[in-house]
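Chemist: What follows is the residue order along each chain.
There are 8 protein chains.
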Amino acid sequence: MEQKELHSLLEQVSSGVLSVDQAMLQLKLAPFEDLGFAKLDTHRAIRQGVAEVIYGAGKTPEQIRDIASAMIQRGQKLVLITRMTEEAAELVAAALPLKYHKIGHVGLVGKLPEPDGCGSIVVATGGTSDMPVAEEAALTAEALGNRVERLYDVGVAGLHRLLAHADELMRARVIIAIAGMEGALASVIGGLADCPVIAVPTSVGYGASFGGLSALLSMLNSCASGVSVVNIDNGFGAGYLASMINHLGGKA
Amino acid sequence: MEQKELHSLLEQVSSGVLSVDQAMLQLKLAPFEDLGFAKLDTHRAIRQGVAEVIYGAGKTPEQIRDIASAMIQRGQKLVLITRMTEEAAELVAAALPLKYHKIGHVGLVGKLPEPDGCGSIVVATGGTSDMPVAEEAALTAEALGNRVERLYDVGVAGLHRLLAHADELMRARVIIAIAGMEGALASVIGGLADCPVIAVPTSVGYGASFGGLSALLSMLNSCASGVSVVNIDNGFGAGYLASMINHLGGKA
Amino acid sequence: MEQKELHSLLEQVSSGVLSVDQAMLQLKLAPFEDLGFAKLDTHRAIRQGVAEVIYGAGKTPEQIRDIASAMIQRGQKLVLITRMTEEAAELVAAALPLKYHKIGHVGLVGKLPEPDGCGSIVVATGGTSDMPVAEEAALTAEALGNRVERLYDVGVAGLHRLLAHADELMRARVIIAIAGMEGALASVIGGLADCPVIAVPTSVGYGASFGGLSALLSMLNSCASGVSVVNIDNGFGAGYLASMINHLGGKA
Amino acid sequence: MEQKELHSLLEQVSSGVLSVDQAMLQLKLAPFEDLGFAKLDTHRAIRQGVAEVIYGAGKTPEQIRDIASAMIQRGQKLVLITRMTEEAAELVAAALPLKYHKIGHVGLVGKLPEPDGCGSIVVATGGTSDMPVAEEAALTAEALGNRVERLYDVGVAGLHRLLAHADELMRARVIIAIAGMEGALASVIGGLADCPVIAVPTSVGYGASFGGLSALLSMLNSCASGVSVVNIDNGFGAGYLASMINHLGGKA
Amino acid sequence: MEQKELHSLLEQVSSGVLSVDQAMLQLKLAPFEDLGFAKLDTHRAIRQGVAEVIYGAGKTPEQIRDIASAMIQRGQKLVLITRMTEEAAELVAAALPLKYHKIGHVGLVGKLPEPDGCGSIVVATGGTSDMPVAEEAALTAEALGNRVERLYDVGVAGLHRLLAHADELMRARVIIAIAGMEGALASVIGGLADCPVIAVPTSVGYGASFGGLSALLSMLNSCASGVSVVNIDNGFGAGYLASMINHLGGKA
Amino acid sequence: MEQKELHSLLEQVSSGVLSVDQAMLQLKLAPFEDLGFAKLDTHRAIRQGVAEVIYGAGKTPEQIRDIASAMIQRGQKLVLITRMTEEAAELVAAALPLKYHKIGHVGLVGKLPEPDGCGSIVVATGGTSDMPVAEEAALTAEALGNRVERLYDVGVAGLHRLLAHADELMRARVIIAIAGMEGALASVIGGLADCPVIAVPTSVGYGASFGGLSALLSMLNSCASGVSVVNIDNGFGAGYLASMINHLGGKA
Amino acid sequence: MEQKELHSLLEQVSSGVLSVDQAMLQLKLAPFEDLGFAKLDTHRAIRQGVAEVIYGAGKTPEQIRDIASAMIQRGQKLVLITRMTEEAAELVAAALPLKYHKIGHVGLVGKLPEPDGCGSIVVATGGTSDMPVAEEAALTAEALGNRVERLYDVGVAGLHRLLAHADELMRARVIIAIAGMEGALASVIGGLADCPVIAVPTSVGYGASFGGLSALLSMLNSCASGVSVVNIDNGFGAGYLASMINHLGGKA
Amino acid sequence: MEQKELHSLLEQVSSGVLSVDQAMLQLKLAPFEDLGFAKLDTHRAIRQGVAEVIYGAGKTPEQIRDIASAMIQRGQKLVLITRMTEEAAELVAAALPLKYHKIGHVGLVGKLPEPDGCGSIVVATGGTSDMPVAEEAALTAEALGNRVERLYDVGVAGLHRLLAHADELMRARVIIAIAGMEGALASVIGGLADCPVIAVPTSVGYGASFGGLSALLSMLNSCASGVSVVNIDNGFGAGYLASMINHLGGKA
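Chains as they are written, first to last, in the working numbering: chain S, 152 to 403; chain C, 152 to 403; chain P, 152 to 403; chain L, 152 to 403; chain V, 152 to 403; chain H, 152 to 403; chain Z, 152 to 403; chain F, 152 to 403.
Just so you know, these hints were derived from the structure itself, not from any lab. The reader is advised that the hints may include incorrect statements.
Subject to a maximum C-alpha distance of 30 Å in a straight line, what follows is the list of computed DSS-like cross-link-like pairs (lysine-lysine) [what the hints assert, rightly or not]: (1) Lys250(L) with Lys210(H); (2) Lys210(C) with Lys250(C); (3) Lys210(S) with Lys228(S); (4) Lys210(H) with Lys210(L); (5) Lys210(Z) with Lys210(S); (6) Lys210(C) with Lys210(L); (7) Lys228(V) with Lys210(P); (8) Lys253(H) with Lys228(F); (9) Lys253(P) with Lys210(S); (10) Lys210(V) with Lys253(Z); (11) Lys262(L) with Lys253(C); (12) Lys253(L) with Lys210(H); (13) Lys262(S) with Lys250(P); (14) Lys210(S) with Lys228(P); (15) Lys250(C) with Lys253(L); (16) Lys210(H) with Lys210(F); (17) Lys253(Z) with Lys228(Z); (18) Lys210(P) with Lys253(V).
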């Protein structure tokens, strides 16, 4: 509430146009409206008609089906369901036109939108075991309207595999680098590319990988600039952030 | 040397405009890696005329002065020196037109460029003790040609301080959220804003903050989407990445 | 046995009203520790007629049933069973009037008492996955005679949800803030409210949440004053302590 | 500004007792957040005339002196300065009537208030090396208007020392249990007393105490009910929370 | 073969009582290491006729049965089997006179020897959930010829339970203090008793007990003298060491 | 207070020999005496005329001198001061007949007693850098009346050095095995000797020794039976416990 | 691409022998060829006719069978499959001449080659539970053409078992030392032998072994020279490296 | 002692040639001689005339000088002193012909030997700050008779720097890869080269590098085969092991 609005309100009270209680109410509601919670709300809803997300972990198949149904009935064109079990997929598929991506444990109800982001997002993995996380990231980005290029199994132990794709890396607008074990992929890609690199450590590995801690620390300590990190196995978060960066443009 | 430049050079050779030896000379001046890894160099060199960076930690004042002098002599318009001690600043200032920013331990030789990024970068901190890291981030971003808004001491324990700046947060193109202790600032800002948030945990705190570990884990686990994390106290990395995101645009 | 009772007993012996052997008997019936440690016993027994607690983890359904039966037979009006499996609930329900709260894994034999605490206890959670811990806390507090208000899923990534309940937070006498992941809820509530906040980190999360460690460290480092922390997932402990604080009053 | 004050103000405007501009002035003097977040401010400001706190760590002696001077000039009756170095104390003492408590690194400008809390706060330590933290807690509580009883060096390795003070523990309204090393004091006191126990792990110890981690984990795992924990060495936080609990009463 | 036996054998050879070949035979029967490392063997073999130990974890029921049978056939009077599953117990019981102790997962083939140690070993636990570890310790000690007193569920949260047994603690020659959670029992007992205390942290607990780490650190940091620690859940190790200490005597 | 004492007391009250108030007093004092705190006290005081201990860390030279002086004046024949700085030693030596052992940072006021323990205590170290801890252990044991044999620098990387002293190890009644780095010494000695082995991890090392954590974990996981562990660098604790074990004998 | 090659290429363009596009292609391919990626490729393929490796973890039985079949059809003489389940072995055995080594979870399709390495590789373990890792190492080394000697269960708690094999240790060209728990074996062997020792920590153990962390740290801190470490349970890595060292020779 | 030697000894006793006591002595000494301690001794001494090593950390300048002098007097041609301070270097240089290498904190008394190893050892570092560790490794290897090639500052963030030296990497017989921060260098080199790679994590870095832990874990989890790891900052260990591997050859 700006000072002139406040002045005007007080004048209305003074002139009897507004009762004291009506003024109280407005003053109590004020901070919430003033702080632009409409915006807050809007910014969290992913652009209308594109995708609404259900985090499937810890929800029963029935709960997922019911939430997805409600979204579709509200006019949602695409519903993205992450961390979805096969069991849940079967149940949802009986009620809704679900496409289930088994490797990434991702379900999609509705049609993937055409890419409307500015450029392409490269999703690269160190090994094939990182694919579940990579698919979660890639499908999230696609569901949010991005063109995605997948470069899987280009880990640094066979550098030529990665270098053979130097062009894709050079052309990308955002790169998601996904790796477990020693997580060196993020640094090497960060050194090759000149765009933001979102690093996703994975829990792939054994022994001293300590459930992804090794890759996490490695990525946080990346000596390449332009690299930032999300939580272990957080493919969704990386896909969402990549999409956000890829859609930057209008604002200035 | 971009691929189209190379193509043009080869055509000049083919058409006889350029002799083989003249072409050789040009190719030799381009560093070895230009023959294929040219982008490596280009992407790492910050846009010519803007800023070259010296990481001051572990270098003697003399080394810093000599490197900076060499850069200036090569025609560099601005040299950014991070983690610079006062002692080093004194020595460099005797030889070069250095402006030393004491709080952020940052030295600048040359003039800050006009902002040429697309939007503004907000640098927010939880407390006043996070200011050294924040200034490192802010000055880095400014040296790289960005407009920076500083929101210091807006930690979540006094939420109204942060909410009073909701507008700046809403308008930002990238936000750098810097906090020690429990690092909750990143989540709260990530929930308020709809742009990428780069979280920087700081080593501010004592006891169970374990040198920044608490803030680091907190930020990695942020339940707000669009948040990614860099190393503890890594103000430079955050400023660099924010600038990279803020300058995205031409490529598609 | 209070000191004045002891004094009275000794006077009866002195005056011959009580024989030495009768006095011996009374002193022997009073547990040994009554002679100085009486309070130990009393303070641990929750106010007679309110609730006796069985920690269900690691006990067989049969053991739980037998202990609960014995308590009821001793005249206990309400028995609270925490960490109770559905299997145990079924077995106990066959023998006793058990009400089983599935989400919180809490069983109650007997009727919840009327609230007799001074004010209300707010139990707030960051997400819906924190509900099992929250229900353990809420039901514990209710079983101990407190009025409880539940504010679930008010995590800091959507601050408006929390602020919409600012009134409840302002009115509370004690708040239990329960959150996993980054655990920022405790700090934000601690900054909003002016009453003691008991923070409960939960093991909800994945990757770098390290089984609740992230939330635990975050809460311990809270920059808001008035916040203290109990063990990860310890809903019972928080409910018990909240009740203790809420019942403070008479003593001075 | 409490809601009833706001109501009264609006009524004065409505009835013409107060002009719109006079009301504007009052509302402007009240900080912005008074219009809705008034409580935020009030609850954080410790009751007027009692104590304002300066966290001395990381501030220069000059900064501390200037902040304290400003507070005193604003009519503050008592200023509490924690983590204050002797050097800072000397400088402040030259300008203000400072009483410096060397062991607790606490400075007080002004007179300690009379205790106005409901009961007494016991501050107990395991060893003499825990005294700095204990004094920070005790002086904080005293500055906030509480009666404090100090029980130092009553660690569990000589249980009789602790038991000799069973009476004080029984009579307390809140107990602050401070210990390093194995931190067992909190559990033992938690088992003896029937009031809230605030446990403060300290960094006292060596080797596997890992800077207070051992005591911290020990206290979090306390098998005694009614125990909660604050950060390692956080005497101020414990004193503040204890005062908050001790002053509970009016609200219901 | 003890040195004096060897000496005697050599004298017999020297005097002709024993031929060279007879001596050769005796020396060959003694394992190779008897010629110098005899003590290696002797000291590791628990005093003949007392007990031989099989560590059951990771062995199939068949393997356990076969090893135990072989021992019995070699004349072993008692075989102690630790970490034995019920399944293994059933299989072994079909072939050998096994007595299976379910709580401690300990099997005994043969008769427990009469106590021949110097004094009694007290095995104390903080809670009932520590009983599996305690029984492993107690039965190990009994199998090795010690008198054992069990004091279970005497945790420090109810100090009077422990103090009621002060006499047993005072009389003990060695005490094994077993506790999970905060592990304070070791310190409290260490402060009460004047004999060696072997502390066994257990993995009992949840959350910040981190699988026994909390109790382990607590016990290592015990401020009571005379306390040493074995591995988490290592009941056997504690029982073995306690027996070793209890049988000290002859040597000087 | 035994039951017969209680009976007698009640009879005295009954017969008027004792007034009610006198009885009250005795009953109030009772629990403390009853619980054998005399014994408690005695057991903590090391056998009269042998040694009283001052933990020097965190005490000023003046405090150490004054405490030591008081002890000597009370008739103490030997005062042991651990973790004593050279500076403190100089100050104390000016007032008292101090012998300062520089390597172990141990000061002794008075004459070392004749060994009265049953056997010898071997103090073995892995390297020469472990000597400060070893000397603290050895001098503690000597001050408490034990015969000590020092085997320094017998680490497992040169096994022959250790094996060359197999005899001493075989003859020992207790062995203190002190090592940093990988801490393998405890296991190897535990496998060679047939007496209790007290393992002391030291903070000697760098990198992944993590301040003694490596040696600590190694020793806790010792596959040799009869090994227990004290805190990192806790030479005093090991010496004290070794003496306690070595003096066992009379009790049974 | 050497300068004379570059010169020649440019001359071909100048003379029209090479088109601009053909030259572009060669220049783009150049760095990859120049950097010897042929070599890269070759060095990663294990010497032809010896062994190709499939890491079985995380692959379905069908995938393993198909990959192995393809290799055999390509003329591969031996296929080594690590971390292979029995279930996978059954499926593969139905299609290919598989020999499955149950303890090491290793499958071999084809015949083990004759040893062609320079010397023998000793694989030693601390206990029998380390055998799975040891067999993975031993079979890997054998599949790669090495002579392997197995010394199992020679842990340091019974040093004579290890010393009895001193000759094998002395004769070895490389030793793989495998141990869990305290991991002391690596240090002891490193001190005995004069050849490279590859230490493999295993996850064997419980409690404070923390999944192999204890052995890992112990081995990294080995005070014996010539010892290096691979990941916990990484038998394959140790076998591969040992083979690499054993085959060193021709190169100089 | 072989059986025939034993037989012969017994015959000498039987015939009186050897007294019982003389036989006892031989039998007691036997195992030590039998186990080849001559060999043990020899293998630990680095090949005569090459180098003897003094670990300078924790030794006084005087101690270092005296040990070095003694070695030289014993005929040692080269003495290598690691972790040597400048202060120590000055003192030693006054007495002996010392060459002090400031960066690596290495001192050499005597002349470096001619390389006698089979091939060259490459010492590569990620950054210039890793040079102290690298020089320790390189000088150690040179002192032990190896040809060393230094490739400094070839970290993975600028891959072309490393690839420009592919030839050196391909030609090396052993590579020492030294890096702090994320430690990716070891994996990338391990993927490029076909010889053993010894990875040395360094403590270079800040924040989440946790004193080298990040690089250590990264290197242990290397997905490249042929990589093993030594302790953080252990340049000496890497140089020693590299030399050992490089000198392998004669034995088979």
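Chemist: Which constraints among the numbered hints does this structure fail? Numbers only, ascending.
Modeler: 7, 8, 11, 13, 14, 15
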